[in-house]
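Undergrad: Here the structure of chain A is known, so what remains is to put chain B in place on it, guided by the hints.
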Amino acid sequence: MKAGDLRRALRDALLVGALLWIAVTAAFVRDRNKDATQRALRHAQAAAELVAIGDTPPTPTAAAAIVGAPVASKQHGFLRRRVAHTAAGERPLGGPTAPAVDKLLYDAAGRYDKDGPFVAMLSDGSERAVAAVATARGPAIAITAGPEPRAPVPWLAVLGHLGLMLVLVGVGAVLGGRARGVGVALGLATWAFPAYFAGGPGLALAMLAVAAAAGWAHATGATDRAIASVRAHKVALSFLAPAGVAMIVLVVVPFAVGLALGFYDHHHGRWTFVGLANFKRILTGDGHALSDPLNFWFILGVTLAWTFVNVMLHVLFGTLFALILRQPWLKARGLWRVLLIVPWAVPNYITALIWKGMFAGEYGAVNSILSGLGLDRVSWFSSWATAFSANVATNTWLGFPFMMVVALGALESIPKELEEAAEVDGASSWQRFKEITLPHLKPALGPAIVLGSIWTFNMFNVIALVSGGKPGGSTDILVTDAYRWAFERGEQYGMAAAMGTIIFLLLLGWTLIGRGLTKGDEEARP
Amino acid sequence: MSVRRPKLPIVIGVHALLAVATMAVLYPVMLVVKKAFEPGRQFALSPSPIPKHVTLEHFRALLSARGSHGQLAFLQHTVSSLAVAIATTVVGIALSCTAAYALSRFRFPGRKTALTSFLVVQMFPASLLMIPLYVLLHELGLLNSLSGLVLVYSTTAIPFCVWTLKGYFDSLPRELFEAARVDGAGPIRIFWTIVLPLARPGIAVTALFSFMTAWNEFILASTFLTDEGKYTLPVMLKSSVGQFSADWGQFAAGALLTSLPVMALFYVVQKYLVGGLTAGAVKG
Chain A
1 MKAGDLRRAL RDALLVGALL WIAVTAAFVR DRNKDATQRA LRHAQAAAEL
51 VAIGDTPPTP TAAAAIVGAP VASKQHGFLR RRVAHTAAGE RPLGGPTAPA
101 VDKLLYDAAG RYDKDGPFVA MLSDGSERAV AAVATARGPA IAITAGPEPR
151 APVPWLAVLG HLGLMLVLVG VGAVLGGRAR GVGVALGLAT WAFPAYFAGG
201 PGLALAMLAV AAAAGWAHAT GATDRAIASV RAHKVALSFL APAGVAMIVL
251 VVVPFAVGLA LGFYDHHHGR WTFVGLANFK RILTGDGHAL SDPLNFWFIL
301 GVTLAWTFVN VMLHVLFGTL FALILRQPWL KARGLWRVLL IVPWAVPNYI
351 TALIWKGMFA GEYGAVNSIL SGLGLDRVSW FSSWATAFSA NVATNTWLGF
401 PFMMVVALGA LESIPKELEE AAEVDGASSW QRFKEITLPH LKPALGPAIV
451 LGSIWTFNMF NVIALVSGGK PGGSTDILVT DAYRWAFERG EQYGMAAAMG
501 TIIFLLLLGW TLIGRGLTKG DEEARP
Chain B
1001 MSVRRPKLPI VIGVHALLAV ATMAVLYPVM LVVKKAFEPG RQFALSPSPI
1051 PKHVTLEHFR ALLSARGSHG QLAFLQHTVS SLAVAIATTV VGIALSCTAA
1101 YALSRFRFPG RKTALTSFLV VQMFPASLLM IPLYVLLHEL GLLNSLSGLV
1151 LVYSTTAIPF CVWTLKGYFD SLPRELFEAA RVDGAGPIRI FWTIVLPLAR
1201 PGIAVTALFS FMTAWNEFIL ASTFLTDEGK YTLPVMLKSS VGQFSADWGQ
1251 FAAGALLTSL PVMALFYVVQ KYLVGGLTAG AVKG
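Taken in order, these protein sequences are the chains called A and B. First residue of the first sequence: 1, per the numbering used here; consecutive thereafter. First residue of the second sequence: 1001, per the numbering used here; consecutive thereafter.
Since the hints were made in silico from the structure, they are not lab data. Just so you know, not all the hints are guaranteed correct.
DSS-like cross-link-like pairs, simulated, lysine-lysine; straight-line CA separation at most 27 Å [stated by the list, open to error]: (1) A:K74 / A:K103; (2) A:K442 / A:K416; (3) A:K442 / B:K1112; (4) A:K114 / A:K103; (5) A:K416 / A:K434; (6) A:K331 / A:K434; (7) B:K1034 / B:K1052; (8) A:K103 / B:K1230; (9) A:K114 / A:K74; (10) B:K1007 / A:K416; (11) B:K1112 / A:K234; (12) A:K114 / B:K1230; (13) A:K434 / B:K1007; (14) B:K1007 / A:K331; (15) A:K331 / A:K416.
Looking at chain B on its own, in the form it has when it is part of the complex:
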């Protein structure tokens, strides 16, 4: 906390501590990178994070593997994942924009209750709703379908989008809306021609988050999808290191391909996330 610079040994000590901690933090990630380029199916033959031999064999095998109908398996799972994540994002954003605006700008009875319930639903994980949703989708014949999975993901995507967008709308200057109202614009016109264009960055960030959440979700997908042809990427990756035949090489290659893009996205948008999450928790 000190404003002045402390003595040199302390400075060096702190840097060393930080270096050790960072090594520990990065070690598992480096192991995966190593495994992706190292021949062999076993996970770790040596604790060193540097591969002895380098090969692209795992990537080639992964990308050229074919499913039961002769289709390219990795491509198919990527398409499934993309479809689910994009559909979830679109549903989440489309349904929550107007609600977030109402909660941010209007005062009406039940507003507090609505805010709290959106927050509570967002905090309580989908695993609580998993059993009833499973039973309901079973009754509706939507088990083992990607559209059923989108419905399940929307249970958390919508409240998340409502809260994050509300936070963003709160930050827009109030005078703007007042001016538009004085000029005779109705609520729909204000929303459509002023709020939405202004909120574009906020909407983009929210959309990216809800895309990433759906893209990275594992347990619900593995419960609701039973047909291997429909697996999303996480389910496919998990099944590549199953109990009986584990191919860590392909897993590592797949993990890199699957998570590098979303990790990059994460760094682009992460500074907005904390604000949204804790703002919700503090104000709720």
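Pulled out of the complex, with its shape left as it was, chain A reads as follows:
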């Protein structure tokens, strides 16, 4: 046995173990808080029920009383006074000498009048629960005294577990050979036990998977190589670290959570694992016919049409204006350019709201212009074609300047001599466009088109603010539909997350295809 083997095995086990420790601790804390919350809610409910039948609650409460209906104050008609009936007698709520909990009782009574009996945590972060139960004289309200005691951290079990892990890893290292990797894997696999108790079978399985991967990486020497490489590039990596860590916390973790949420169903704050059910529901159209605007394939069709039409118009207008602006004989070129990129400068939510206002109503600006030209007024948002056109008009307006600026940049790179030579040689304008201008435009426009198509594919603001999906959700695109799943159809976050995953896969596929397409251009770049 070599001392280095033992050191390396312990190092790997402790590195990976630290990560697992964070995950298990987070699950433990969450579980413990949930447990405390549930106990607080139970205590509040039980106390309120006892108050309702005139008993004193057994557990300590911050306040417990039956609160009467609001009565207008005699001196100040706008004040509504309530009376609290407690075991000690009857007293008005509030006033200069009243305890601070009176406000909580008063608010709870108000909530009871609105919602009926309820039990909930106070939203002031004090971890107290409040419950209201119906009685003949008004709601019986109980507020728990303070945070519920939390289960202690099982330090002894933690210590024992740590010891077991180190022993398993150590034995593996001492045996040497294949056993080294197996030892690391087995040692880390012990994390499945606390994970199972704190976070359930899902977390335990995840621990086992990580343990197996770590064991394999150790056995093949992958961890040694990774650590050597980190040492060799430690300056670069430490420069990269702030943004890298932030990206992991802010993007990678939420992204992974988003992927996972797609496999769960969310209902009234409860998450249930449903496997691929959400994806199945989406991809089979959720019981809607293919021609129904709520069917996924219909929305996908609208999204693709939306993206294609918009990007085409952006490129068309952008290139057209760029070609015009480039003419040396054009007067006041700088001024035209400044004016034509105004739409890019306007914040796009303002653009969308303006255009919505211009299309809205019988007397909106667009309809006024139409009738001034002797045409019929159009009710823009009552048919698919007109609502879609309104969205496209808005998005074309705000999007073409980007393509124009990109095209202008590309055109500037054409050497003057090349064109002069072509003209001297008698090439026609079309030939010059096809042989000189177009090859210079393509390498810049290719990536811009990929980028622009992704922006348009996700152009939430225009759809949501101009047509709002009208009529009947038929102009919705995938991102606005995902938003509706989350925030307009009863918090179905699982469906929304599944939709997000599908959108991501579509965009990923498109980016890869787009990169393949533009790569050829880049190589051909002059």
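TA: Here is chain B on its own, set in the frame of chain A:
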């Protein structure tokens, strides 16, 4: 494309076409300017972009409107917007300067992957992360808070800053760093005393962009902020032309006050933007 000047009718025709197009482009903007100075709540009573009567009433009403606690509402929303946009910019720049430098000057395994992932994250909009971020912030109790919104904005601000700054660092002369290294300066010293001072213009431009992006963001703010007192300006402007009571006069006045400063900024820095965006796309 012609190098020679074409015939006069063509020249006039092209100028006329350009004038018509520019009118069409400016028309919606002129309508807003008109509405801001024209009395009445309706958006357009006539298609003309010139107001018949001029009033400053909308600005006065907007600036003196008070919220539920008697505070000046527009001022409060401006402060919210400023706080979020400035905090996002500071977080974005502070965290990405060193990373951009590392990606520009050092060669290390995983560099390509890091570059691509920063690019991909920047291209994929925050709306993809919206649902998980919403759920996570809900669990953390950070919903309806400006600091939660800063976290959400940072998801796109950081990769954007990394890419733009990297482009800028790439353009600094390599010999300078070599000389400093030969003179015995360590990587931290080179970064602090040579790179950062030289890159000040690039950092300023990047900061302005990320400020503008946060300042103009609507959908995430409207999803994550539910308390009217915390609304940023875009959310407040949208709510002034809600479904049931639309006051286009106040909207237009607010839109002008909100967007004129950032539009001016946009013109100052826009020529740098295209370079950054497409350089990223081409090289990625």
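Undergrad: Now, for every hint given, state plainly whether the structure supports it.
TA: Now for the hints, and whether the structure bears them out:
Taking the CA atoms of K74 of chain A and K103 of chain A, the gap is near 20 Å; set against the 27 Å cutoff, the hint holds. As the CA atoms of K442 of chain A and K416 of chain A are separated by approximately 18 Å, the hinted pair is consistent with the 27 Å bound. Restraint check for K442 of chain A and K1112 of chain B: the C-alpha separation of about 25 Å stays at or below 27 Å, so the hint holds. A threshold of 27 Å between alpha carbons decides the hint, and for K114 of chain A with K103 of chain A the separation of about 17 Å falls inside it, so the pair holds.
For the suggested pair K416 of chain A and K434 of chain A, the alpha carbons sit about 16 Å apart, so the restraint of at most 27 Å is met. For the hint pairing K331 of chain A with K434 of chain A, the CA-to-CA distance comes to about 26 Å; that is within 27 Å, so the pair holds. This hinted pair checks out: K1034 of chain B and K1052 of chain B have alpha carbons roughly 9 Å apart, not beyond 27 Å. Restraint check: the Cα-Cα separation between K103 of chain A and K1230 of chain B comes to about 24 Å, which is no more than 27 Å; the hinted pair holds.
For the hint linking K114 of chain A to K74 of chain A, the alpha-carbon distance of about 24 Å falls within 27 Å, and the restraint holds. The straight-line distance between the Cα atoms of K1007 of chain B and K416 of chain A is roughly 21 Å, inside the 27 Å bound, and the hint therefore holds. Among the hinted pairs, K1112 of chain B with K234 of chain A is consistent with the structure: their alpha-carbon atoms are about 17 Å apart, no more than 27 Å. Restraint check: the Cα-Cα separation between K114 of chain A and K1230 of chain B comes to about 25 Å, which is no more than 27 Å; the hinted pair holds.
At most 27 Å may separate the alpha-carbon atoms for a hinted pair to count; K434 of chain A and K1007 of chain B meet this at roughly 22 Å. About 15 Å separates the Cα atoms of K1007 of chain B and K331 of chain A, which keeps this hinted pair within 27 Å; it holds. For the proposed pair K331 of chain A and K416 of chain A, the alpha carbon gap of about 19 Å is at most 27 Å, so the pair holds.
Every hint from the earlier list agrees with this structure, and none is contradicted.
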